[in-house]
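> What follows is the residue order along each chain.
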Amino acid sequence: MSSSTSAGPGPDASDPATEARERTRGGLMGSQHRWIYLGSIVVLVAMLVIGLLSFTQVHATNEAYRKASQLSDALQAAGYPVPSQDQIVRTLGTDGGAVCSDPADALVQAQWKYGMSNGAAGPGQRPVLSDRQVVQGEAIVLSVYCPDKLADIQDKIDDFDLRDTVRD
Amino acid sequence: MSWLTLALMTTSSVASLRAAPTMAVYGLAAVFLYVLPAIVFLMPTALVSAELASGWNGGVYRWVSEGLSKPLGFLAVWCQFAMTIFYYPSLLAYVASTIAYVINPSLASNGPYTAIVIIVLYWSGVWVSSRGTGAVAGLSSWGLVIGTLVPGTLLVVLGMVFLGQGNPSAAPMTASNIFPQWTGLASLVLIVNNFLSYSGMEMNAVHVSSLRNPAREFPRSMFTASGLVLLIFILPALAISWVVPSSQLSLTAGVMQAFDSFFQYFHIGWLTPVIAVALVVASLGGMLTWLAGPSKGLLLISRQEGYLPPFLQRLNKHGIQQNILVTQGVVTTVIALAYALLPNVSSAYWIFSVITTQVYLIVYLLMFLAAIRLRRTQPDHPRGYRAPALVLTCVTGFVASAAAMAIGFVPSSQFGNGSVWVYIAIVGGGLLLLGVIIPYLFLRLRKPSWRMPEESGTEGAVA
Chain A
12 MSSSTSAGPG
22 PDASDPATEA
32 RERTRGGLMG
42 SQHRWIYLGS
52 IVVLVAMLVI
62 GLLSFTQVHA
72 TNEAYRKASQ
82 LSDALQAAGY
92 PVPSQDQIVR
102 TLGTDGGAVC
112 SDPADALVQA
122 QWKYGMSNGA
132 AGPGQRPVLS
142 DRQVVQGEAI
152 VLSVYCPDKL
162 ADIQDKIDDF
172 DLRDTVRD
Chain B
15 MSWLTLALMT
25 TSSVASLRAA
35 PTMAVYGLAA
45 VFLYVLPAIV
55 FLMPTALVSA
65 ELASGWNGGV
75 YRWVSEGLSK
85 PLGFLAVWCQ
95 FAMTIFYYPS
105 LLAYVASTIA
115 YVINPSLASN
125 GPYTAIVIIV
135 LYWSGVWVSS
145 RGTGAVAGLS
155 SWGLVIGTLV
165 PGTLLVVLGM
175 VFLGQGNPSA
185 APMTASNIFP
195 QWTGLASLVL
205 IVNNFLSYSG
215 MEMNAVHVSS
225 LRNPAREFPR
235 SMFTASGLVL
245 LIFILPALAI
255 SWVVPSSQLS
265 LTAGVMQAFD
275 SFFQYFHIGW
285 LTPVIAVALV
295 VASLGGMLTW
305 LAGPSKGLLL
315 ISRQEGYLPP
325 FLQRLNKHGI
335 QQNILVTQGV
345 VTTVIALAYA
355 LLPNVSSAYW
365 IFSVITTQVY
375 LIVYLLMFLA
385 AIRLRRTQPD
395 HPRGYRAPAL
405 VLTCVTGFVA
415 SAAAMAIGFV
425 PSSQFGNGSV
435 WVYIAIVGGG
445 LLLLGVIIPY
455 LFLRLRKPSW
465 RMPEESGTEG
475 AVA
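From first to last, the protein sequence lines stand for chains A and B.
Here the first sequence is numbered in this note's numbering, starting from 12 and rising by one per residue.
Here the second sequence is numbered in this note's numbering, starting from 15 and rising by one per residue.
What the hints contain is simulated information worked out from the structure, not anything from laboratory work.
Heads up, a few of these hints could be off.
Output of the computed footprint for chain A on chain B, the stretches with three or more beta carbons under 8 Å from beta carbons of chain A [unchecked claim]:
#1 28-42
#2 289-303
Heads up, incomplete: computed chain B residues facing chain A, CB under 10 Å, no partners named [what the hints assert, rightly or not]:
#3 128
#4 270
#5 374
#6 422
#7 425
#8 428
The C-beta atom is built at its ideal place from N, Cα and C for all residues, glycine as well.
Same shape as in the complex, but just chain A (with noise of 0.2 Å):
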């Protein structure tokens, strides 16, 4: 194509009353889009209220604590850091959270899989040679808060090609 059929862009002469019109349009609630801000609104504010009504938080207890004790000497076995005992009452609790939450199912293993991955947020996502700590840890949380599951899911880590990428 020529450069005569190309004409790069240039400013638009449009007169001052389009452009208030226009600026008025740009608004967020002032905007011809004002039903889908209003509508996205309710929806976010709803999931919010949802969302505090219904998280629960992790509650330290003596058992968590317990729990803590051992997976943190598990940790130490392993050879991994060994988190403060408080942070992994305040993350893990007594039953794992989510972590234990269903491990083995095909849903969260692709969603599992699918995180081991670079350092993008968008579609340049792509798995990448994992850190061992990253895996082997999780399989330490469940062979502690909830070993039944780690059965499910051993076989599948053990497949995992794992290479030592964060420094200790």
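Following the hints, position chain B against chain A.
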């Protein structure tokens, strides 16, 4: 559309806090893992697309059409479009599991729940996109502010408070930790694959004609977005690494669990569902930009050259490529249902992400070649911005893209100990099918009667 809105749209399509816990594991090395790709991939992409968009409307298809050839222009926009089809199901499944995390974590493993969430959110996105670019611009911009900028700032402020209280950083911040652990191939795979963190920076150039003064405003928009993307990727990841030890991030093995650990430290665990909603908002905002961009580019070149049947070229009253969006929606729905309901598909889904990122890299290879050629063949064509050292910039970007494509053939952890050749055959076969055979069939089967150049004056049509 203002240049700032376009900058926010671009940022929204590329960056989010979702990757922060993943990279926080690497501590200070996360800076290196984002800065090196920024130098060799982000900057070339930003500079080159700023020059091209300031001279030629229409996005990658127009740049490659003018610089190389029209069939290659179609190939570029096809690759950009095809890549997104496999992006939505995994993105929306992530959104579904994030929502489930705060309502009832067991829902995350529920196929019908995930399928319903994917379908409802995806088709809502199609509906919003069909209302025009203005609606997409508004929602994605606000999605970025609410879902990324505000919570990202909160993370960084809390991280600084943590250090300000005299606590030592959980990840060592000494000079010796600035580079990631070198373990040969695995580290190379990590570093080179991170180039793709910035893929998509050029995508919103298709909306350039919506700007008042594209030649001046698009480069400004591009550079603002580049700065924002860098800040969003690096600072929250660092903040998390200050507070949560990498071993604990490893233990929790999930984005929400990592944020939960962070907030639990400050005894503000109730913020976890808030950030979950924020992440959902940001993801949906990003999805909207991807729905609106590549399909528009595909429409524009198809109208000019008759690459698609007339049915797919029809516009709605807002001037939007509604039939392309709906057709894409049907295909995406089928893939999403398979993803959510068929165990073998969902477990193998990660390999589609490799294939589609390989396909997407074709866009960059073509874009950098086209930029060099356009400087030579049309040196006097008016450009609002001229990238410095264009040839060097393009060669750098081209080599980085080629390296990322080559490293895509290295089997990842998920492939385990399977045959390297089988992996290469799967990825290479997918690349061939999606990036060569299908676009070739479109070109081969097109009919002269499908051309509608006089009607290509859609919203943001070519000059």
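> It remains to establish, for every hint, whether it holds in the given structure.
Hints versus structure:
Three residues within the 8 Å Cβ limit are the bar, and the region 28-42 of chain B against chain A gives 11, so the coverage statement holds. Coverage of the region 289-303 of chain B by chain A holds [criterion: at least 3 residues with CB-CB distance below 8 Å; count 5]. Proximity of residue 128 of chain B to chain A holds as hinted, the smallest CB-CB distance being about 6 Å (cut-off 10 Å). Among the interface hints, the one on residue 270 of chain B holds; its C-beta lies about 7 Å from the nearest C-beta in chain A, closer than the 10 Å criterion.
For residue 374 of chain B, the shortest C-beta to C-beta distance to chain A is roughly 7 Å, which falls under 10 Å, so the interface hint holds. With a least beta-carbon distance of about 7 Å to chain A, the hint placing residue 422 of chain B at the interface is held under the 10 Å criterion. At about 7 Å, the closest approach between the beta carbon of residue 425 of chain B and any beta carbon in chain A falls short of 10 Å, and the interface hint on this residue holds. At about 5 Å, the closest approach between the beta carbon of residue 428 of chain B and any beta carbon in chain A falls short of 10 Å, and the interface hint on this residue holds.
Against the hints set out earlier in the document, no violation occurs for any number.
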